[in-house]
Amino acid sequence: MSDPRARIGNTGTGFSYEEPLVFELSRPGRIGYSLPAYDVPPVDAVQMLPDGSVRDDIEGMPEVSEVDVVRHFTRMSTWNASVDLGLYPLGSCTMKYNPKINERAARLGGFADAHPLQPASEQQGFLELCHRLENELAEICGMDRVTLQPAAGAQGELAGIMMIRAYHEHRGELRSKILVPDSAHGTNPASAALNGYEVVAIPSDEDGILHPEAIEAVMSEDVAGLMITNPSTLGLFEEHVVRICEIVHAKGGLVYGDGANLNALLGIARPGDLGIDVMHINLHKTFSTPHGGGGPGSGPVGVKNVLAPYLPTPVVRELAGAEGAGFVLDYDLPQSIGRLHANFGNAGMFVRAHAYIRSLGPDGLKRCAEMAVLNANYLLARLRTAYHVPFDRAVMHECVLTDRSLQDTGVTTLDVAKRLIDYGYHPPTIYFPLIVHGAIMIEPTESESLDGLDRFADAMLAIAQEAREDADTVRTAPHHTRRSRLDETRAARKPILRWQPAARD
Amino acid sequence: MRYIPHTENEIQRMLDAVGLSQLDELFDAIPQKQRLARPLDLRRAVSEQELWGELKTLAARNASTETHDCFLGAGVYPHFTPAVVDALTSRSEFTTAYTPYQPEISQGTLQTIFEWQTMICGLTGCDVANASMYDGASASAEAALMAMRATRRSKVVVAAGLHPHYRDVLRTYLNGLRAEIVEAPLADDGRTAPLAEQVDGATACVILQQPNFLGAIEDVRAAAEAASACGAKLAVTVTEALSLALLTPPGELGADIVCGEAQSFGVPMSLGGPHLGFMATRQKLLRQLPGRLVGETVDTEGRRGYVLTLATREQHIRREKATSNICTNQGLCLLMATIYLCLHGRRGLRALAELNLAKAEYAKARVRENPALSLPLEAPTFNEFVVGVPDVAAALERARADRLLGGLDLAPYAPDLGPALLVCTTELVSREAIDRLVAALAGDAS
Ligand SMILES: Cc1ncc(COP(=O)(O)O)c(C=O)c1O
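Protein chains in written order, with the numbering used here: chain A, 1085 to 1589; chain B, 69 to 514.
Take every hint as true, because none was put in to throw you off.
Label pairs and their in silico Cβ distance ranges: (1) 1410(A) / 118(B): 18 to 28 Å; (2) 112(B) / 1555(A): 52 to 62 Å; (3) 438(B) / 1228(A): 43 to 53 Å; (4) 1228(A) / 270(B): 37 to 47 Å; (5) 1258(A) / 438(B): 51 to 61 Å; (6) 1134(A) / 484(B): 21 to 31 Å; (7) 380(B) / 1507(A): 24 to 34 Å; (8) 1410(A) / 484(B): 30 to 40 Å; (9) 1130(A) / 257(B): 17 to 27 Å; (10) 255(B) / 1130(A): 16 to 26 Å; (11) 265(B) / 1134(A): 17 to 27 Å; (12) 75(B) / 1256(A): 56 to 66 Å; (13) 1507(A) / 93(B): 26 to 36 Å; (14) 380(B) / 1256(A): 38 to 48 Å.
No more than 35 Å apart at the CA atoms, straight line, and that leaves these computed lysine-lysine pairs for DSBU-like: (15) 389(B) / 1261(A); (16) 1388(A) / 389(B); (17) 124(B) / 1184(A); (18) 223(B) / 389(B); (19) 1388(A) / 1261(A); (20) 389(B) / 1578(A); (21) 223(B) / 1578(A); (22) 1335(A) / 389(B); (23) 1184(A) / 1388(A); (24) 1388(A) / 1450(A); (25) 352(B) / 1261(A); (26) 1450(A) / 124(B); (27) 1388(A) / 124(B); (28) 101(B) / 1261(A); (29) 1578(A) / 352(B); (30) 352(B) / 389(B); (31) 1335(A) / 1388(A); (32) 1184(A) / 1450(A); (33) 1335(A) / 1261(A); (34) 223(B) / 352(B); (35) 1388(A) / 101(B); (36) 1335(A) / 101(B); (37) 1450(A) / 101(B); (38) 1261(A) / 223(B).
By construction, these hints were calculated from the structure, which means they are not laboratory data. Positions of the beta carbon are idealized from the N, C-alpha and C atoms, including for glycine.
Chain B with its partners taken away, still in its complex shape (with noise of 0.2 Å):
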């Protein structure tokens, strides 16, 4: 095996080396009627050459944005992303290294940390921001977690805006330590109604998504307002990260956390992870935070230099105390969305947030002009929002005989809306794909 270094010559003298005859004997303490006394019932291994013959089998056997033009979003976004941040993030000194507890040969890894932990305070407004959490999803019940700790409060307001997956997970993360989840509703136009109902001194939170899920752009600050009149904290949840580039932060509106998935900043798709989960706070919160912090430090010779720290919160050092459980995180995303920043920039990546507003509003303006198709929602959008179609299923299926993944029926998440799709353009897809769609959509002939 070709992984495997030892020779049986190695073996043996190994073997010699500490007292044993043969390999069984390793497991002595295995009693063996406990042992598999068989082999393991799977197939048998294959060639490098082999192996590649199939996988790429199964992968063609899958769409993507190398078969067909994608205007799924919903959490997952796909973007261009720069050849540098394949190439830089395969470095084996990155890809092989785990977590940096050895900060004397780990300062690659760690500056990188310490250099997103900046830039997202720079995106969403906010003092502090950690070294990630698994996805958007577990970020935000993160987020309710920590609030409820801050406040000491049990009762979470969920705007139903939020991604259905994420109130999912908050749903299942939740389950167990008596907490209340309470649902603010959506007013006709696609933005959370006003708060006051929902909201009040038992509130740990309110947690509300940006652009929320149907696309709206939401009112960060008078959801901050309608938070802070009761002592509750508010959460934003980002699960397009493009998007900071172009609103105003919501930490500048009033949010106390900021939360989020991060997977457009030069992650791939791969199908829904591994992504990027961001976590971002005021100073005061600080010690309620999540997951890992790098800080800036000097070495003994007064050298800058940067260390894990605040790792009293964590789950190595306080076990059952511990602000949350996780460990292992996504940091080979982070490095891809640092480097995907750097290379964007304080120019970049408000030209590219642009251009997605601008494809979005093309497409809205070709609907909104076809009689066969409807904007149902009024509410301002980024890069995602709904359309109202005759028929779901027949309109995705003309979709697809043209190459098109045309956006998700939205049936199972809002059936209030009647027929209709979510549907995100990004800088990916072409005027004349945005066109295809469209007609597809319409069921125009072509």
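Extracted from the complex, chain A is given alone in its bound form (with noise of 0.2 Å):
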């Protein structure tokens, strides 16, 4: 705000546009839309519909032009960092590259302009490619049968804990907890609860994975299943997987598989050959769908036999016999879980998902895993000697490190992850898992190349110099961005959700 030509010409430095809130750029009169031309008689909503049923002016909504609405999410898109932009090592999130044909797929009109209801002989290409995706899925998982409809991976969650509750309840059985390591993902333990169970917490042992015995202490007939992260959270593979299912399974309880780190695993190792029941998949992780800034996401959940006749409504049936050749919805599963999505799940998502499948093959699925995980352990073995790894072991598709040797500098994760953004990177995810504290989880993905991926780690090293030469620098950091930190205390203390005119008086 310095720079005095930031108030002459109202866009900040140069090229670099500050941009008020559109109800700031509003101006009575300007349009932004057109109307066809009325080809009915034109109706007084007022005198057509009940007294007090018609709304006065909608307060606050913009009148903008086209140009103004063009620019103004133009300029506002110039404020993000992006995959497309660069390497964004957000651990957990698999942020790897969207394809562009993808994109342009789900926006063929028979995919992107075709409505849910409309006849099943009038969507079979949406059918067979549903029933395409549950196949490939289904293989790449090691389940037998797959549903698309859960909207997000955590909506998936709820789906198999719901599956898992049938499952006891149609035996007679009134289980109570669900186990969940204390390195999962919120997701794991607030899915649980919401679907009414009692969460009990597993610690993680000294060397970061589970032990057969933890959860033999715990695991009784009371006891529905366990919910297992596998790569776990802490990118390390499980390697007690297989007795611990055991374990659950001879009790009668049945296990969950959070498949968010199935990057690590494609045609390495499928979940159900390990003694996973039932398992989310995230479309946006592993299998490229965009982010979207926050979504939409798409969590198909693939199961074992014996939870297949708890599949949620309506599930893609290939006709047989007499009936014909084709697909149907068949909602006739009478022990289904129920409906979990308005329609059939994010249906855009599997098109995409489908069509990175088909782009790579089982050859380039594998190489994705293999490629992940090799870049996982190179970013590990470059910055190892400038920042503490908390469980030092091979890990797979990502890596936690920690700032416990920047202790004696003040410098503190957060620092590392703003000050990050000034050498022009998205910050790893930061403070997960919970277990470890101040941790840096780093997720480069098979995207990035050697030289990209040496020049984060420079980054990183520099850093670390940096805490030690000019730590004053690193914790007022980020310096080359348009905001500096942001006061979180304040926003939350006194919350201003939108923005009223009033106040501005």
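Each of the two chains sits in its own frame; use the hints to bring them together as a complex.
Following this line, the structure appears as structure tokens:
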């Protein structure tokens, strides 16, 4: 703001644009729309509808031109970091490249402009695509059946937990607990609780992985199941997963697999072969559908045959024999947990994920896992001298470091993250998993090349050195963004959650 | 593989750096017998050109508004979307970012959400709105959960006019929670009958859809009074968000929670998703709200900026005590809707809503004057209404032969109505298409 050009041009500095709220751009009488002419008689809504049912003006709606809107959002877009701009090593989120052909395919009229309730005969192309994708995901995960309905990973977890509940209830058992490792993502305990289960946290061992004894100690006939993330949120393969599943199964429980980290296992190992009974897959992670600034995602769930009767309805079914050929949405699943989505899930994501799987094929998918794991191990090797490694083992697709080696400098994980921004990188996931103090969780994905990784590692190492030589610069970063650190405490203390004209005067 | 940059030479150098000799050793933590000993049984990879051909072939086997005039609504509405929406939404700065955890480099997403929250408050007559739910159905279920938390009660009264799929989702979500669901029936005119009987001191909330599934415009104020007389909350679900530009905002009529589906605001129908659940409420229920919220603040230099806020409601902080398990939401659809709302603005949205109303009134008049057809419900409607036909299958078959997606067969949803279709008329259907639909449904020779 100290730059005088900012005030004269009202655009920031040079081509770095400040952008007001759209409401502040509004000018009475401007329009940004064009509507078709009436080909039917106009009606007077106030006269037509019951007294009091027609509203007044919509308070605060902007009046802007099409040009205003285009510039407004284009300028705002320049304030975002994104995968297409550079490395986005947000651990646990698999920020891989999102292929452009997938975007184009999802926009085909026969997908984008089709109504979900049009008759099955009028959506055979879509139903066949669903059928293909279900089979592909089942093969990749080693599962017997797949539902595409859940809208994201967390809704997939909920679906899986509900199927576990239905399975036990069908056998006349009322179990009340779900085991969740303390390293699990927050959605795991939240999903179990949302379905009325008591959550029992399992502490991780000193070596970072789950040990059979810890499960054995708490596994009882009151435990409906265990939720396990493999590779774990520490980026480690749960080496005892087979034994752990046996322990849970022996007491009548089922095992839920959080598939958020499936990218590490593509073509290498299949959760279904390891004893997992039900799992979700985040299409927006492993299968490259874009993260969209927070979503949409898609969270298909794979199950073993024991849980197939409880799948959410409807399910896609291929017609056979006398029924003729083709596909239908089938509601006839009497033990189903019911419906989870208003329609059939985030269908546009199915198109993209299927396109991705077709583009890579079996060899390409395996290559993803290999390169993702190679990249993570390479970064770990380059960074381990400067950052503390809490669990010193070979990692899978991501590695977790901490700020412990910087402790004497006063520089924290948050500072390292903010300083990375000055070097042009989106920071890794920080302070997760919660069990690692000061966690820095780095997932480079297979999309990054060796030279890209080297530059990132150089930046991380430079920051570690800066912490010793010029801690202040690190602690007050970022310095090269259009906003410096934002006051989150203030935002929470007196929440301002919308623009109000009166408050401006 | 064009998405993976590694050359063989680089792979070797990287393996050397980590002290391994071959790729296989990267997975040493996985015991051999747990590994997949064969290639995945998937079809071989195809080139971009071949893939495009495959997907075009699949897409061509679906009807769409490109090939048909669409009279289907029922929660998913065919509207025209200005080119600007997709052009801006396609910018990869928006598309390929994720949840704005790092506000200094996410102001584009954050400011968009702040603008969305503001406009949803204006549209619904509420004080606060969140940054999206999966869809209207899960938003309604979350509204019930929210009311149950706020009232510490467990009975949910659901108007029979709530979209049947939403009712199904509500049942799914509440199963396992010792909640009771009671249905409030519709009166003969298509609106919810007076609620006094179902609502009592154990009721956490009433869920009412406006306009309801059969298109009827409900008396929200009466429902709010019935609910509040018993200390229950009223949640109003809106599936056709465009109606918010015409009808009195539910928040002004006493609704405590207004939620639903905002697909109508520029989000493609896309065979049912991804769409855009929204949720708004009163200030005093703020801490019970599920999902992400964006708030205004300042940076260290005092400059205005936006951040995710009140995260202590959310799963990543509160785990099993969170208000919801939602994490990934419908962010990019929220961007589409925000752009759409900005374009239409104060006047355009209302004008568009009036055009939809006029199309429906024209269609109803044509139905009314046709002796083979009827309008079984008398309640006022917006852009959707029920048409009684002599024979649903025959009517839909004739419509299909004329390239019309001729409305939704209500037999599975409202069997008491007899043979009937739910018909929706948006700005996308012309008078001429409406005339053809009426003729097809009635079996008039053209
Ligand atoms: C390990 C893990 N589990 C579950 C989830 C939840 O998935 P979603 O955000 O798709 O709901 C995530 C991601 O956000 C995750 O990283």
